[in-house]
Structure formats: structure tokens, C-alpha cells
Amino acid sequence: MIEPIIVVTNNPMCKEELTDKYKIDFIEGTVMDVLERVRNYIHGNHILLTHPLMSSIKPNETPYRTIIITEKTEDAIDINSLNYIERGIHTTEKFFRDYGIPHWSQKILDDFSLIDYDLVKYKL
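Per the working numbering, residue 1 is the first one in the sequence shown, and the count goes up by one each step.
Calculated directly from the structure, the hints in this document are not laboratory data.
Some hints here could point you the wrong way.
Result set (DMTMM-like, lysine to aspartate or glutamate): computed pairs, CA atoms no more than 25 Å apart in a straight line [stated by the list, open to error]:
(1) Lys121 - Glu17
(2) Lys121 - Asp20
(3) Lys107 - Asp118
(4) Lys121 - Asp33
(5) Lys58 - Asp75
(6) Lys123 - Glu61
(7) Lys58 - Asp111
(8) Lys123 - Asp78
(9) Lys58 - Glu3
(10) Lys123 - Glu16
(11) Lys23 - Asp98
(12) Lys72 - Glu86
(13) Lys123 - Glu28
(14) Lys15 - Glu71
(15) Lys21 - Asp98
(16) Lys23 - Glu3
(17) Lys123 - Asp111
(18) Lys72 - Asp110
(19) Lys58 - Glu36
(20) Lys107 - Glu3
(21) Lys121 - Asp110
(22) Lys15 - Glu36
A quick note: this is a predicted structure, and the numbers were derived from the prediction, not measured.
Hey, can you work out the whole structure from these sequences and the hints?
Okay, here's the thing in C-alpha cells:
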């Protein structure tokens, strides 16, 4: 990315690998906590740079989510960013409600962490 960014994540691998290069907002919480934090940033006039549900993994299946937003704020809320994050939150809530959250082994959690990191590092 050419412009300064904020990486909002609950993925420890992203925090570890990206901290030296980018501003990281690390959240000790769930995927929903990440989505809600990004929504707060968007209400503060930041712009979404990656889709909140990037990947073909269902939102209830992975415990990690990393989203990139602009560090610089605009003069007004970006309606497209707001629409994307609201739809992402709605979809995630629906999957949590309808399908629950699996309990994964540490090996599978490590795999999900790597997948999330790989998806983001190619956007940077």
C-alpha cells in the first residue's frame, strides 16, 4: 500500500509479522470485536481498504479477522465503507446465530491464523 494504513486484527501472527511496518490495532477479542472496531473507525471517517469478509471461509468458522483501513481520515463518512462493514457485521451475526462457533484444535487455529495473514500480506 502506498498510503499510511491501520491494520485492525485479532490475529497474533499479523500483529507479530506486521508491527514493524504498519500501525496495528490489535484486538484481544473475537471476529465480531474486529468488525465493530472497524465500524467505529469508519464512523470516524476512515475508509475501508479490504473487504471485511475477504476469503471463502465462512465468518463463523475462523476465529481471526484482519481488515485494513486508511490511517488518514476524510471530511465525511464514506458510505461505501459503512455499507460494507454493516453487511459484514450482519452476515457474521447470522452465521454465528445459525451455525454456531466451532471449537478448533490448536493446529487448526494456527492454520486459520496463517490463512488470514496470507490473505492480508498480499494486499500490502
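Comparing the hints with the structure gives:
1. This hinted pair checks out: lysine 121 and glutamate 17 have alpha carbons roughly 9 Å apart, not beyond 25 Å.
2. A hinted pair counts as satisfied when its Cα atoms are at most 25 Å apart, and lysine 121 with aspartate 20 qualifies at roughly 13 Å.
3. As the CA atoms of lysine 107 and aspartate 118 are separated by approximately 17 Å, the hinted pair is consistent with the 25 Å bound.
4. The straight-line distance between the Cα atoms of lysine 121 and aspartate 33 is roughly 21 Å, inside the 25 Å bound, and the hint therefore holds.
5. Annotation: proposed proximity of lysine 58 to aspartate 75 is violated, straight-line Cα distance about 34 Å (limit 25 Å).
6. At most 25 Å may separate the alpha-carbon atoms for a hinted pair to count; lysine 123 and glutamate 61 meet this at roughly 22 Å.
7. Using a Cα cut-off of 25 Å, the hinted pair lysine 58 and aspartate 111 holds, with the two alpha carbons roughly 15 Å apart.
8. Taken as a hint, the lysine 123 and aspartate 78 pair is honoured in the structure, with Cα atoms around 20 Å apart against an allowance of 25 Å.
9. Note on lysine 58 and glutamate 3: the hinted pairing is violated, with a Cα-Cα distance of about 30 Å set against a maximum of 25 Å.
10. Under the criterion of a C-alpha separation no larger than 25 Å, the hint pairing lysine 123 with glutamate 16 is consistent with the structure, at around 17 Å.
11. For the proposed pair lysine 23 and aspartate 98, the alpha carbon gap of about 35 Å is over 25 Å, so the pair is violated.
12. Between lysine 72 and glutamate 86 the alpha-carbon distance is near 21 Å, which keeps this suggested pair within the 25 Å criterion.
13. Simply put, lysine 123 and glutamate 28 have alpha-carbon atoms about 23 Å apart, close enough for the 25 Å limit, and the pair holds.
14. A hinted pair counts as satisfied when its Cα atoms are at most 25 Å apart, and lysine 15 with glutamate 71 qualifies at roughly 17 Å.
15. Restraint check: the Cα-Cα separation between lysine 21 and aspartate 98 comes to about 38 Å, which exceeds 25 Å; the hinted pair is violated.
16. Restraint check: the Cα-Cα separation between lysine 23 and glutamate 3 comes to about 12 Å, which is no more than 25 Å; the hinted pair holds.
17. For the given pair, lysine 123 sits about 19 Å from aspartate 111 by alpha-carbon distance, which is consistent with the 25 Å threshold.
18. Of the supplied pair hints, the one linking lysine 72 and aspartate 110 is violated, its CA atoms being roughly 32 Å apart against a limit of 25 Å.
19. Restraint check: the Cα-Cα separation between lysine 58 and glutamate 36 comes to about 18 Å, which is no more than 25 Å; the hinted pair holds.
20. The straight-line distance between the Cα atoms of lysine 107 and glutamate 3 is roughly 35 Å, outside the 25 Å bound, and the hint therefore fails.
21. Restraint check for lysine 121 and aspartate 110: the C-alpha separation of about 16 Å stays at or below 25 Å, so the hint holds.
22. Proximity of lysine 15 to glutamate 36 is assessed by CA-CA distance (about 18 Å); at most 25 Å being required, the pair is judged to hold.
When each numbered hint is compared with the structure, violations occur for hints 5, 9, 11, 15, 18 and 20.
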